[in-house]
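Engineer: What follows is the residue order along each chain.
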Amino acid sequence: MSRNGLLIDYEYCTGCHSCEVACRNEHNIPRGKWGIKLTEVGPWQVNGEEWEWDYIPVPTVLCDLCKERVAKGEKPSCVHHCLGQAMEYGTLEELAKKMESKGKKVALFIP
Amino acid sequence: MKKEWKEQQNGCYTVRTCGWSPPGDHPVGCGMKLHIKDGRLVKVEGDAEHPISQGRLCVRCLSLPEYVHHPQRITHPMKRVGERGENKWQQISWDEAWDIIVEKTNAIKKNYGAESIIVFGGTGREACLYYYPLGFASLGTPNVCYPLSGWSCYGPRCAITDYILGAGYPEIDFAGHFPDRYDNPEYKVPEYIVLWGKMPLMSNPDGFYGHSLIDMMKRGAKIISVDPRINWLSTRAAHRLQLRPGTDTALALGLLHVIINEDLYDHEFVDKWCYGFDELKERVQEYPPERVEEITWVKKEKIVEVARLIAKSKPTAIQWGLAVDENPNGVQLGHAILAISAITGNLDVPGGITLGPPATLLGKWRVETRSELSEELWEKRIGAKEWPALSMALATTHPDETLDTLETGKPYKLRMGWFNSSNFITPTNSAQPDRWYRALKSLEFNVVQDCFMTPTAVAFADIFLPLPTFAEHDGVVITHFGRNAIFVGAMNKAFEVGECKSDIEVCIELGKRLNPEAWPWNSVEEFFDDQLKPELGFDFNDLREMGIYQPGYTYRKHEKGLLRADGEPGFNTVTGKVELSSTLFEMWGEDPLPYYKEPFYSPVSTPELAKEYPLILTTGARTFTSFHSEHRQISTLREITPDPIMEIHPDTAANLGIKEGDWVYMENMFGKAKEKAHLTPTIHPKVVHAAHGWWYPEKPAAEPSLFGVWESNINTLIPHKHIGKLGFGAPFKSILCKVYKTE
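Sequence order for the protein chains is C and Z.
Residue 22 in the numbering used here is what sits at position 22 of the first sequence, and the numbering runs on without skipping anything.
So the number in the numbering used here is just where the residue sits in the second sequence, counting from 1, plus 1000.
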């Protein structure tokens, strides 16, 4: 059976924190711990007019890719609530293809 | 959407709803499912069937259970027992609350006249639909006040649009009207979206779903950002115009200069549908890009390039923000921005600017309830005569005149205050909140409606009436408060906490006691049936079963006679055209054409003061974790945003010996406020930005602390009554200050 993962399109991750809170609600994770945590790169000016400022949520060891939700045919809670619709759940094969067609600012996580 | 909006699931049940408030947000109407178990809200889940939000949900809704069941929430009526400001309360029944309120109200009306009662309303919450009728039809006063200096939020843009286009709020077209959204065959994705002084991802302004911008960017729309800060969206923008705060109108006139002089405008639209083009053409000659660069700091080449893009790309949608309102020169800015959209042919076209009537549904009812008042009483509305441009478009008092009236007792003394969803001594919707605080002490009797004891409630409430959250009451969400109703959504009561009453329940129950003829409805459902049925043909229960109603959209209404009451083609203005030169502005003694005016206080207009206060302060950028002063006690959200943040350029900070995370004061000739420094290159070295809306629910409630409301009160730095000639716009986004470490 193929493995599953989380694809993050960080061109469109707006840093809204919905994934963090949705995950915490789903798994009853206590304060100070996270099932997925937003990281920030930048902001800094690359050259002339271009800026680098990226948010990338990183799933932690507490992430089980929402096994129970997925079994019921639902999306993982972080994917479902992501305001930028910048997260996808699927098999690594599917997601790798999506990464390739997106072509930039995209990451794939196996928690 | 499914017809069933309430579903049972092994021992618990879920209720589908469209969110509004409280807790606050604008009428965005995001779809969600509320999970109730054993009388508690245990979980909130985004509703994937909702055509706008599509399952997405922000952290404020995801943490709603914490808000609903918060130990500090007030869920029963309260009567003050100690002195005002001591924070001592006694729980009372609703009957006792009504008895006290009715007796006081009647006595004050009998002894001093109904005009001595004033209703204060806050921003964005559902109360915006109900605090007007509460004043006009329940209490019977002409004085309903939105206390923000220069009415600097939404009202100015609505008024400008009313006068220049004769229409409701000009929202960019994000296909929200259509059930099939972006796939609708009539719809076109904007080629460029200009975000002018606006960051909708956090703010979801007026009902526009902020992340629709991301939807449109994924479908090819490009962004032009006009903002003194490089925000996250501007890092994804094709062009960034990082201008000096408060100089926006010069920039708009510079863009018009290029569009007109390079002959890039839509001749057909101008010839057929615009009034005053030649005068505008003459006016913009004063704003060549070279001069505009000097004023705004934006390079002239950039001005030319962006002007060409705006004119040549079809469609271009300009989304104007609060920066238009919070500017004494903002009427001219709004006028110039509407002129750009008009002469480039982007009004009421697919992917351009959508237009609706100035008021519909509940948005219309709320102002029409003023017919409950006699002409004689209506004439007494504070500031109405002095500020006709404001009082014609908005049914409120003039906010700055209202503070003057409280301070001077002229033209008459105000005696009773009703604060609905407005915590305005925190730095939210008032300038000089410390001055308001002192002035409001003269009121003899006050009622506060809210969910928590706020600094404003502790300082003034004699009676506190608890509001239910949107999970606990029925309601109708109507985007843009009915000024461009992109959709209408059902807000469904899922359960009860304590004994809270919604805005409309309070209006009806108080109204039945004081003015029963105006309040014939025996239930909230009956009331909504009567609001919906005549215009839309369905009742509240039908709306619940639909979930949301999207009306569809007719483009180019001016060609079809759909904008004017007389059914003629054209716009619903004095001249029947888009008024590039405004007949009404001229009638009110204002220049009929847009012009640039320096901020009241700036390195250019007050160079001496600028030596002492060398930085330009801009305030009020939104975060995901709060709605203005709300949510500060919600620990999940406070964990994400623990402190008020001020942004400062690393070079400026280094010169001042300020390091990341230092607490600093921002101070000027009007006041000072303490915030935590965040060093970032996204802000200009001569500019600082300060967060607004801060108080500390964890600090002592009683005076003088009032939850630490004076510590980080950034609005104390904003002066009173420094507004434009027509009465609109205060300098919340362009004032001088100095910055130093707290020690």
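Derived from the structure by calculation, the hints contain no laboratory data.
Predicted model only: the values in this text are computed from it and were never measured.
The reader is advised that the hints may include incorrect statements.
[Unchecked claim] Simulated pairs of lysine-lysine, DSS-like, Cα-Cα distance not exceeding 25 Å:
(1) K1079/Z / K1110/Z
(2) K75/C / K1006/Z
(3) K1676/Z / K1302/Z
(4) K1218/Z / K1110/Z
(5) K1043/Z / K75/C
(6) K37/C / K67/C
(7) K1699/Z / K1672/Z
(8) K1033/Z / K98/C
(9) K1043/Z / K37/C
(10) K1725/Z / K1385/Z
(11) K37/C / K105/C
(12) K1033/Z / K72/C
(13) K1043/Z / K1493/Z
(14) K1110/Z / K72/C
(15) K1676/Z / K37/C
(16) K1218/Z / K98/C
(17) K1003/Z / K75/C
(18) K67/C / K1218/Z
Engineer: Against each hint, give a clear statement of whether it holds in the structure.
Structural biologist: Structure-based check of all given hints:
1. K1079/Z / K1110/Z: Holds - the C-alpha atoms of K1110/Z and K1079/Z are around 23 Å apart, at most 25 Å.
2. K75/C / K1006/Z: Holds: K75/C and K1006/Z sit about 22 Å apart, inside 25 Å.
3. K1676/Z / K1302/Z: 34 Å, violated
4. K1218/Z / K1110/Z: 62 Å, violated
5. K1043/Z / K75/C: 16 Å, holds
6. K37/C / K67/C: Within the cut-off at roughly 19 Å; holds.
7. K1699/Z / K1672/Z: Status holds; Cα separation ~19 Å.
8. K1033/Z / K98/C: Roughly 30 Å separates the two Cα atoms, so the pair is violated.
9. K1043/Z / K37/C: 20 Å, holds
10. K1725/Z / K1385/Z: 14 Å, holds
11. K37/C / K105/C: Since the Cα atoms of K37/C and K105/C sit roughly 18 Å apart, the hinted pair holds (cutoff 25 Å).
12. K1033/Z / K72/C: With Cα atoms ~17 Å apart, K1033/Z and K72/C stay inside 25 Å; holds.
13. K1043/Z / K1493/Z: Status holds; Cα separation ~15 Å.
14. K1110/Z / K72/C: 65 Å, violated
15. K1676/Z / K37/C: Roughly 23 Å separates the two Cα atoms, so the pair holds.
16. K1218/Z / K98/C: 14 Å, holds
17. K1003/Z / K75/C: Given pair K1003/Z, K75/C holds - Cα atoms ~23 Å apart, limit 25 Å.
18. K67/C / K1218/Z: Between K67/C and K1218/Z the Cα gap is close to 29 Å, so the pair fails against 25 Å, i.e. violated.
Hints 3, 4, 8, 14, 18 from the list above are not met by this structure, while the remaining hints are.
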